[in-house]
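Q: Based on the hints, put chain B in the right spot on chain A.
Here is what each chain is made of, one letter per residue.
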Amino acid sequence: MTSPNAAPILGSKHLLGIDGLSPSIVTELLDLAETYVVQGRATDKKTALLRGRTLINLLFESSTRTQSSFELAGKRLGADVMNMSVKGSSVSKGETLVDTASTLNAMRPDILVVRHQDAGAAELLSRKLDCSVINAGDGAHEHPTQALLDALTIRRHRGSFEGLVVAICGDVLHSRVARSNLKLLAMMGARVRLVAPRTLLPAQAERFGVEVYTDMKSGLAGADIVMMLRLQLERMAGAFVPSTREYFRFYGLDREKLAMAKPGALVMHPGPMNRGVEIASDIADDVQVSLIAEQVEMGVALRMAILDALARGMT
Amino acid sequence: MKRIAFRNARLVDPASGLDAKGGLLVENGRIADIGPRLFNDAEAGDPEVIDCRGLVLAPGLIDCRVFTGEPGAEHRESLESASAAAAAGGVTSMIVMPNTDPVIDEPSLVDFLLRRAQATAKVRVLPCAALTKGLNGETMTEMGLLQEAGAVAFTDGDRTVANARVLRRALDYAATFHALVIAHAEDPELVKGASATEGEFATRLGLPAAPAIAEAMMVERDIRLVELTGACTHFGQISTRASLEVIAAAKARGLPVTCGVAAHHLALNELDVGAYYTFRKVRPPLRCEEDRAAMVEGVASGVIDVIVSSHEPQGADTKRQPFASAAAGSVGLETLLPVALSLVHNGDASLLHVLGALTAAPARIFGLPTGTLAKGAPADLVLLDEGEPFVVDAEKLHSRARNTAFEGRKFQGRAVKTFVGGACVFDALAK
Numbered sequence: 003m004t005s006p007n008a009a010p011i012l013g014s015k016h017l018l019g020i021d022g023l024s025p026s027i028v029t030e031l032l033d034l035a036e037t038y039v040v041q042g043r044a045t046d047k048k049t050a051l052l053r054g055r056t057l058i059n060l061l062f063e064s065s066t067r068t069q070s071s072f073e074l075a076g077k078r079l080g081a082d083v084m085n086m087s088v089k090g091s092s093v094s095k096g097e098t099l100v101d102t103a104s105t106l107n108a109m110r111p112d113i114l115v116v117r118h119q120d121a122g123a124a125e126l127l128s129r130k131l132d133c134s135v136i137n138a139g140d141g142a143h144e145h146p147t148q149a150l151l152d153a154l155t156i157r158r159h160r161g162s163f164e165g166l167v168v169a170i171c172g173d174v175l176h177s178r179v180a181r182s183n184l185k186l187l188a189m190m191g192a193r194v195r196l197v198a199p200r201t202l203l204p205a206q207a208e209r210f211g212v213e214v215y216t217d218m219k220s221g222l223a224g225a226d227i228v229m230m231l232r233l234q235l236e237r238m239a240g241a242f243v244p245s246t247r248e249y250f251r252f253y254g255l256d257r258e259k260l261a262m263a264k265p266g267a268l269v270m271h272p273g274p275m276n277r278g279v280e281i282a283s284d285i286a287d288d289v290q291v292s293l294i295a296e297q298v299e300m301g302v303a304l305r306m307a308i309l310d311a312l313a314r315g316m317t
Numbered sequence: 011m012k013r014i015a016f017r018n019a020r021l022v023d024p025a026s027g028l029d030a031k032g033g034l035l036v037e038n039g040r041i042a043d044i045g046p047r048l049f050n051d052a053e054a055g056d057p058e059v060i061d062c063r064g065l066v067l068a069p070g071l072i073d074c075r076v077f078t079g080e081p082g083a084e085h086r087e088s089l090e091s092a093s094a095a096a097a098a099g100g101v102t103s104m105i106v107m108p109n110t111d112p113v114i115d116e117p118s119l120v121d122f123l124l125r126r127a128q129a130t131a132k133v134r135v136l137p138c139a140a141l142t143k144g145l146n147g148e149t150m151t152e153m154g155l156l157q158e159a160g161a162v163a164f165t166d167g168d169r170t171v172a173n174a175r176v177l178r179r180a181l182d183y184a185a186t187f188h189a190l191v192i193a194h195a196e197d198p199e200l201v202k203g204a205s206a207t208e209g210e211f212a213t214r215l216g217l218p219a220a221p222a223i224a225e226a227m228m229v230e231r232d233i234r235l236v237e238l239t240g241a242c243t244h245f246g247q248i249s250t251r252a253s254l255e256v257i258a259a260a261k262a263r264g265l266p267v268t269c270g271v272a273a274h275h276l277a278l279n280e281l282d283v284g285a286y287y288t289f290r291k292v293r294p295p296l297r298c299e300e301d302r303a304a305m306v307e308g309v310a311s312g313v314i315d316v317i318v319s320s321h322e323p324q325g326a327d328t329k330r331q332p333f334a335s336a337a338a339g340s341v342g343l344e345t346l347l348p349v350a351l352s353l354v355h356n357g358d359a360s361l362l363h364v365l366g367a368l369t370a371a372p373a374r375i376f377g378l379p380t381g382t383l384a385k386g387a388p389a390d391l392v393l394l395d396e397g398e399p400f401v402v403d404a405e406k407l408h409s410r411a412r413n414t415a416f417e418g419r420k421f422q423g424r425a426v427k428t429f430v431g432g433a434c435v436f437d438a439l440a441k
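Taken in sequence, the protein lines are chains A and B. Plus 2 on top of the position in the first sequence (first one is 1) and you've got our numbering. Plus 10 on top of the position in the second sequence (first one is 1) and you've got our numbering.
With the rest of the complex left out, here is chain B:
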């Protein structure tokens, strides 16, 4: 029986509201005990003892929006390389999007992903299946069989289902299986060809741009369909105040909707594109400062349930181009926690609240047993130093892709050790 004793920790468990000093015992990959006086006495017998030196011990992070290149674009990112980045970022579960080649729209492909993850990944990989076949926006997938194969949710990833009739039926069908649908809200025609948010800055740079309302108007449509169908719907990432207000109103009416925000939409605004910096080209594009501030408010108020990385690996071939022709996306697994902690350092929200948006909230939305320090839960843990200053250096990232939007940015706080099922998958001091 494998036992690990964590002593002298600051235990932070958003699921129970715990934020106190104490210790934690792991047995056979699960949390066996937790308490304020656990292992206060040095000799705890046979277990391996980890002295946390007062650092925060929290549930491992669950990143609800990760794109990898497997299958189909392993030269950009494999499950293995993404999981190494995740582990280094304190992320113990990656919910991966089905936008691969081939698209994850068949039960056998879900099975393939899970087996590949089992064989190569350091952290848990939870696959989403496509909502429509080949992401075609027309034909719904075999949600029942895909769910049985292990799909945790259904989504067309970064594509919007433009056809309201198709989405209405897909939501109705998903509701039949109590399946979660993840929506991407961007009017595809309104944003066609755009690479920036319409406004003075985009005009100045001469970039093709789309109005920010392209997002809120689709959120509004989708919420009407949620009301009609009752399907649990999660907006993968929102980025504007208008969307936030629509979702807040829907929640107030008791509709089963939740939403996330990408770390880069919390930390950057449209001006950060500077002189056509393609590593800061993301989708939806960076917004105005007012929208960025609204995203921080949304996390603080709880209208935004989760913070995600929207990790999207790109290579030199897709990023070393003029802005409008470059691919969108930033890697983010290793900067998710530091960006989130910046909200704590800026006094926008408490550590308990911010970690909740990375642990307890995603576990609740996706129905996962992780994201908690409760006895009996899987021992997915992160030991983090919330005060450690560092500068993001793309060369030191663990991802195969290095397209970080945060190159050279200064942050405070990151993962020191990461455990999945009680096994150490990352140790910052080991190198």
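Same shape as in the complex, but just chain A:
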């Protein structure tokens, strides 16, 4: 049983991105998360590790999954969890993010989980608040807990990351999940590929030590893991890709394209999925290859590990 007085894992009181982590920290976090996988499968899922602590989920963008995952993680550790949706409230009244931060700070939370549409929002809040800040997605910048839960899922199936070929496919340009994942996986020794049409690739993506493919079949050739990204609806109709049917034809994951990957290759998706757009339904539902449901389970365990790790630094 871990406690707030156990040895610290994170070098910082915040989790803003993958950049501040190291392979040994990641390994420790994943090991800790494994213990919470066990706890999550037990009949009594709740401990008192964070009793008396307040966790605020601050959401500037709607996010059912991440919010419920953090909420459950907090509650299973005994924390008081509050969800605050700021979308269309203070912001539309003209309040600055720094003002919002000061208001929250006065409520004395211990941990703030923040999701915001702008890159750097979590970083800005971490500078203005006294509590720990967890970045649950900022613009197209980072979503570190998603990358960590993906790493946990991969490790459970493949044992290690060394030499694994991971193809991240789809809307890389707008994806914080892709950025966090490519940083984390590359750091852990995997070979990362990005697969997308040029309209959905960020500038100078090849500078991140990844291989870039615009042809999905070549990009998937020999891949151990195929990680699909969500294509936002508003980007489908002519702005970045001409149509959903054209996108599915060339960049949607179907059996034919998946056959290019290594036999036994596994498929991941951060959700929510667009069936028939980026992924064929039969693949999404095929428990032999799809890790999608498991990713959600790992999400809760991993977030419990993060909360535990951050709590260790608190007095």
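Check before you lean on any hint, since a few could be wrong.
Claimed, not checked - Once the Cα atoms are required to be at most 27 Å apart in a straight line, the calculated BS3-like pairs of lysine-lysine come out as:
#	chain 1	residue 1	chain 2	residue 2
1	A	K15	A	K47
2	A	K264	A	K219
3	A	K89	B	K329
4	A	K47	A	K89
5	A	K15	A	K130
6	B	K202	A	K89
7	A	K130	A	K77
8	B	K329	B	K406
9	B	K406	A	K130
10	B	K329	B	K420
11	A	K130	B	K329
12	A	K15	A	K77
13	B	K329	A	K15
14	B	K143	B	K202
15	A	K15	A	K48
Hints in this document: simulated from the structure, not taken from any laboratory. Note that the structure is a prediction, hence the values are computed from the model and not measured.
A: Coordinates of chain B only, in the frame set by chain A:
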């Protein structure tokens, strides 16, 4: 008759190429005499004597690109507060952009600005009028009447006239009145929603970004229209090597084009945004190091005619936001001279040349009688200590807005005393 004698100065006058020791006499607000031996003997009779102790005495700076909040956003900056910042920065003339609320697109509004300036400002305020009504990019303004009212140039400020047909007609019409047009070169669709220059750094930060060529491609279009219409056109600020090359080629072909560069594009590059530092969010965004170095080269070679502050006051409401949502702009009137002098200290250009880009060149482009130490010219002067080290402290700025991109930066050299029409409007030692 009010007389002031400046003695023991290093006289630097880019308009005439003078850089020599000497003295200068001001009478009734104008330069009455200048010479190497003037006032060498202490008793110069009745005038008030200012001992310059060997410091540089130069024409007051002309800042060709200043945004204020008057009218409409005086809580950010009024003409009065901007002029106090200008005076402290050695700037004696501010050419102000029409992007106010209301937009300066009516002769009566030009008149209003001039009267407000007369009543409240410490330095000269030279208004630009809008090129199109309400900056709508569609309907041209009454350039003839606006010119008569006192508008020194026509521009939509930080907006690009996207419609080539509208711009072509506006340039033709401006040429009819021998009016100067100031262009802002940024393809509005290509930069829509962007807050950084596309590249590895913006990708790393996950910031919405636009390619740097969004600037040069509009410079190219505008130059074709200048060639067609013959209208004198000044690019308010350029920021990339590609734009510089296009303008150099146009100048070589004898076209009536000039351009400026903002001080922050000379001193900072995209990496200075660091951890989403919104005070360094500017428009156009900070560029790569290669482009920054090209801007310094451009000033040194003279392809870039003027250095401007692009002074753009913003408040806490617009800057205390995540980077992509924060407003662009930095105040700059008080750091214009220090940034420019850094080119001299780095050995990129001579003091005479750099001061020329702040005095003689803008006077030539805008047809002003100032920016020179010639006899008979208005006595707009700056006494500056080119070696004085200091650290920029936002709290000590004279602007009402404190959003400087240079907070904590170390510089060498700044204004000691500033005079407009012979009247002292700033004295660093007075406090």
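Q: Please list, smallest to largest, the hint numbers that this structure does not respect.
A: Those not satisfied come down to hint 4.
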